[in-house]
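Numbering (the working numbering), first residue to last: 1 to 453.
Treat the hints as calculated values from the structure; they're not laboratory data. Be aware that a few hints might be false.
[Claimed, not checked] Derived lysine-lysine pairs resembling DSS-like cross-links, with alpha carbons at most 25 Å apart:
| hint | residue 1 | residue 2 |
| --- | --- | --- |
| 1 | LYS278 | LYS226 |
| 2 | LYS283 | LYS327 |
| 3 | LYS451 | LYS254 |
| 4 | LYS283 | LYS253 |
| 5 | LYS450 | LYS253 |
| 6 | LYS268 | LYS226 |
| 7 | LYS327 | LYS341 |
| 8 | LYS253 | LYS200 |
| 9 | LYS411 | LYS283 |
| 10 | LYS128 | LYS253 |
| 11 | LYS251 | LYS451 |
| 12 | LYS366 | LYS251 |
| 13 | LYS251 | LYS404 |
| 14 | LYS397 | LYS411 |
| 15 | LYS251 | LYS327 |
| 16 | LYS397 | LYS341 |
| 17 | LYS268 | LYS441 |
| 18 | LYS411 | LYS341 |
| 19 | LYS128 | LYS275 |
| 20 | LYS254 | LYS278 |
| 21 | LYS367 | LYS412 |
| 22 | LYS278 | LYS441 |
| 23 | LYS251 | LYS447 |
Note that the coordinates shown come from a computational prediction; the quantities given were computed from them, not determined experimentally.
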Amino acid sequence: MLPQPSVSRIFLRESGLRTSGSIEICTDIDAHPLTRLELAGRDPTVEAYDISRIFVERGPIHILGAGLSGLSAATILANAGIEVHVHEIRGDSGARFDGDFQGLENWTTGNDFFEDMREWGLDPGSFKSDAFSVVDLIHPDDVITQPRTEGIAFRVVERGTDEHCIDQGFKRMAIAAGAKIHYNSRRDPQDCQIIAAGPKESSAIAFGEVFHTDHPNHVSFQLNDKLAPGAYSYLIIIDGVGLICTCLWRKQKKSGRYLNETIAWYDKHYELNRKPIKRVGGKGDFSIPDRYVHDGRFYVGEAGGLQDFMWGFGMRYAITSGSLAAKSILGECDYEDEIRKRLVPLIKVSATNRFLMNRIGDRGFKKVAQYWMRDQKKRGDGLEFMRWVYTPGIIRKMMWPIAKLAMLRRKKMNDGRMVTRMPFRGSLRRDSWEQSEEALKIGEQWKEVKKTG
């Protein structure tokens, strides 16, 4: 005989936590907006409620953070007829960004991510995106090769508050579905069911320059330990606007020199006719929490540590986790189970890859680039190498405990959660160098641009 839903009384408040009022447990799962509650103080892996799910009649859902993960959840819940309130500390969605380009990867699974979005009821046509099937791969010795695929390797989107940005597209979807977004709003996380706030600390940082150019649309990806310690730099050009960015996975003094030197390299190797507009920056915080549902709250996107440790790609994880949290609240899936099945294996592989990358310099980067191109020649598809990189094979599964012990540190968060976090690494001896004459000129050029406003 199949286990039946438990029928009992439980004390709730609006956020789903215990309080003085009472409400009946609903066993007719088709009659109301539904959610499964995590009972305080019990182990969900062994308690009976994990076998016979408890559903309750639900009031308004409050979401902390109006980024991609929070707005994904808001859209799906509002489309299901639930009253949704999204609280954002900033004045608009995307306000933490400044018109910089980011990549939405399409290689961690065999399907097109836009198809996943449509299946969840999210419209990829609500924002501007540019698909790419080829990229310039720049080796540490300045050799340039081109991984390519017949399909879509990745899409470039713009982050920010302009109408065509992905953040604004998700904002419009949520509003159209009926969600209410409260900007410049501070909400106690304990009064929210979904936590979708951005990063609090830094495991890595990035610096970039946005500029006008007459170069056609293009993407370059560079492996160079001098210009981007432990990471990579890139060039993205979309419709006459370019972005040169360097990512630093090791903490540095005088970090502006990395961007100046990186710009000097791209100026030398590409005909950019670069006219600087502004400089931008960002950070990433990488951690793996013990649980993704804590005290009845769903942690999604960066708030849940759902980031790619290797390259820093996070938008796909943000949208996926926000959507799964909403579906879990609707009783369509178990959020904890789905995250551990879909995303955690990818995150662990990316963390293992990051552990390996931390231990190689340009010589190792060169071998990676060469192997990538040999693999493309063998298979006829450059995207297959990237899929292999994120496949949890036997060797990387065996390496994971070593990577975890060597690279990550345990930390208790302010909300009581325990996470295993990657701290910002210190610099190495080889990170000490002086800027070239070309880089110094670029630094002076930027000073003049700032003077003119």
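Hints versus structure:
1. For the suggested pair LYS278 and LYS226, the alpha carbons sit about 23 Å apart, so the restraint of at most 25 Å is met.
2. Among the hinted pairs, LYS283 with LYS327 is inconsistent with the structure: their alpha-carbon atoms are about 29 Å apart, more than 25 Å.
3. Simply put, LYS451 and LYS254 have alpha-carbon atoms about 21 Å apart, close enough for the 25 Å limit, and the pair holds.
4. Between LYS283 and LYS253, the direct Cα distance comes to roughly 16 Å. Compliance with the 25 Å bound is thereby established for this hinted pair.
5. With a CA separation close to 22 Å, the supplied pair LYS450 and LYS253 stays within the 25 Å bound.
6. For the proposed pair LYS268 and LYS226, the alpha carbon gap of about 16 Å is at most 25 Å, so the pair holds.
7. Pair hint LYS327 plus LYS341 holds up; C-alpha atoms about 15 Å apart against a cutoff of 25 Å.
8. Taking the CA atoms of LYS253 and LYS200, the gap is about 21 Å. The hint holds against a cut of 25 Å.
9. Simply put, LYS411 and LYS283 have alpha-carbon atoms about 19 Å apart, close enough for the 25 Å limit, and the pair holds.
10. A hinted pair counts as satisfied when its Cα atoms are at most 25 Å apart, and LYS128 with LYS253 does not qualify at roughly 37 Å.
11. Among the hinted pairs, LYS251 with LYS451 is inconsistent with the structure: their alpha-carbon atoms are about 28 Å apart, more than 25 Å.
12. Proposed proximity of LYS366 and LYS251 is supported: the alpha carbons are some 23 Å apart, at most 25 Å.
13. A distance of roughly 20 Å separates the Cα atoms of LYS251 and LYS404; the hinted pair therefore holds under the 25 Å criterion.
14. Between LYS397 and LYS411 the alpha-carbon distance is near 23 Å, which keeps this suggested pair within the 25 Å criterion.
15. With a C-alpha separation of about 39 Å, the suggested pairing of LYS251 with LYS327 is violated against the 25 Å cut-off.
16. A hinted pair counts as satisfied when its Cα atoms are at most 25 Å apart, and LYS397 with LYS341 qualifies at roughly 15 Å.
17. For the hint linking LYS268 to LYS441, the alpha-carbon distance of about 13 Å falls within 25 Å, and the restraint holds.
18. Under the criterion of a C-alpha separation no larger than 25 Å, the hint pairing LYS411 with LYS341 is consistent with the structure, at around 24 Å.
19. Simply put, LYS128 and LYS275 have alpha-carbon atoms about 23 Å apart, close enough for the 25 Å limit, and the pair holds.
20. A hinted pair counts as satisfied when its Cα atoms are at most 25 Å apart, and LYS254 with LYS278 qualifies at roughly 19 Å.
21. At roughly 38 Å between alpha-carbon atoms, LYS367 and LYS412 are farther apart than 25 Å, so this suggested pair is violated.
22. Taking the CA atoms of LYS278 and LYS441, the gap is near 16 Å; set against the 25 Å cutoff, the hint holds.
23. Between LYS251 and LYS447, the direct Cα distance comes to roughly 24 Å. Compliance with the 25 Å bound is thereby established for this hinted pair.
The structure does not agree with the numbered hints 2, 10, 11, 15 and 21 stated previously, though it agrees with the rest.
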